[in-house]
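Residues in the sequence shown are numbered from 150 upward in steps of one, following this note's numbering.
None of these hints come from the bench; they were simulated from the model.
All C-beta atoms in this analysis are idealised placements derived from N, C-alpha and C, irrespective of residue type, glycine included.
Don't take each hint at face value.
No more than 25 Å apart at the CA atoms, straight line, and that leaves these computed lysine-lysine pairs for DSS-like [what the hints assert, rightly or not]:
1. 253 / 281
2. 253 / 217
3. 281 / 217
Listed next, with one range per pair, are the computed distances between beta-carbon atoms [to be verified]:
4. 230 / 277: 36 to 44 Å
5. 250 / 223: 31 to 39 Å
6. 252 / 294: 14 to 22 Å
7. 223 / 285: 20 to 28 Å
8. 186 / 248: 29 to 37 Å
9. 255 / 209: 23 to 31 Å
10. 262 / 203: 31 to 39 Å
11. 250 / 175: 32 to 40 Å
12. 201 / 242: 28 to 36 Å
13. 244 / 176: 31 to 39 Å
14. 254 / 213: 16 to 24 Å
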Amino acid sequence: MSLSRWSLFLACGLASSLCLAEVSIEGAPEVGVFVSQYTHFQPGERVLTRENQPIEPTRSIPATLGTKFGMRYRLVGKRTGDTPLTLLYLTPGVIGADGQRHDKFEVTQALVVEAPSDVMAFEFTEPYEMVKGEWRFLVFQGDRLLAEQHFDVR
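Modelling step: build the complete structure from the supplied sequences, incorporating the hints.
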């Protein structure tokens, strides 16, 4: 085999092995409201929580300050330098403090190989964020949809 054919063979083998090592979600995500013992939230206030914060399973979300909802999932196949995740929050139309309507929020999140789980969550920290209706959370890596959840904020 000539050197150029060997190089092509090797390159094709490497490319196909990289394609097989895609990031994927292992098992079913935990979905619902993140449980907090703190109850007297003020606008703009956030309470720091631990990685293993319990999740009350539900898709029906109360529109109250301090409510944090979303999903926790386990990614397998993560490698340092991989394409980051895109977290897409589709809202029923949040009117920000600036008066602008936001039908979506987009967050880019680097993959952390050592993290045992990943989280996509939204926390109501301002009264104007508590918009009732359907909220959709989508997790992408590049153009691949890894997870999608729907929530009914009431």
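These are the hints, each one checked on the structure:
1. For the hint pairing residue 253 with residue 281, the CA-to-CA distance comes to about 14 Å; that is within 25 Å, so the pair holds.
2. Annotation: proposed proximity of residue 253 to residue 217 holds, straight-line Cα distance about 17 Å (limit 25 Å).
3. Of the pairs offered as hints, the one joining residue 281 and residue 217 holds, with about 14 Å between alpha carbons and a cut-off of 25 Å not exceeded.
4. Roughly 38 Å separates the CB atoms of residue 230 and residue 277, a value that falls within the hinted 36 to 44 Å.
5. Remark: the range hint 31 to 39 Å for residue 250 to residue 223 is upheld by a beta-carbon distance near 35 Å.
6. Evaluation of the 14 to 22 Å hint for residue 252 and residue 294 yields a pass: the beta carbon distance comes to about 18 Å.
7. Under the hint 20 to 28 Å, the C-beta atoms of residue 223 and residue 285, about 21 Å apart, fit the expected range.
8. The hinted window of 29 to 37 Å between residue 186 and residue 248 holds, with their beta carbons roughly 35 Å apart.
9. About 25 Å separates the C-beta atoms of residue 255 and residue 209, a value consistent with the hinted range of 23 to 31 Å.
10. In this structure, residue 262 and residue 203 break the distance hint of 31 to 39 Å, their C-beta atoms being roughly 25 Å apart.
11. Checked against the hint of 32 to 40 Å, the C-beta distance between residue 250 and residue 175 comes to roughly 37 Å, which is consistent with it.
12. In this structure the supplied range 28 to 36 Å holds for residue 201 paired with residue 242, their Cβ-Cβ distance being about 33 Å.
13. For the hinted restraint 31 to 39 Å between residue 244 and residue 176, the CB-CB distance of approximately 37 Å keeps it satisfied.
14. For the hinted restraint 16 to 24 Å between residue 254 and residue 213, the CB-CB distance of approximately 19 Å keeps it satisfied.
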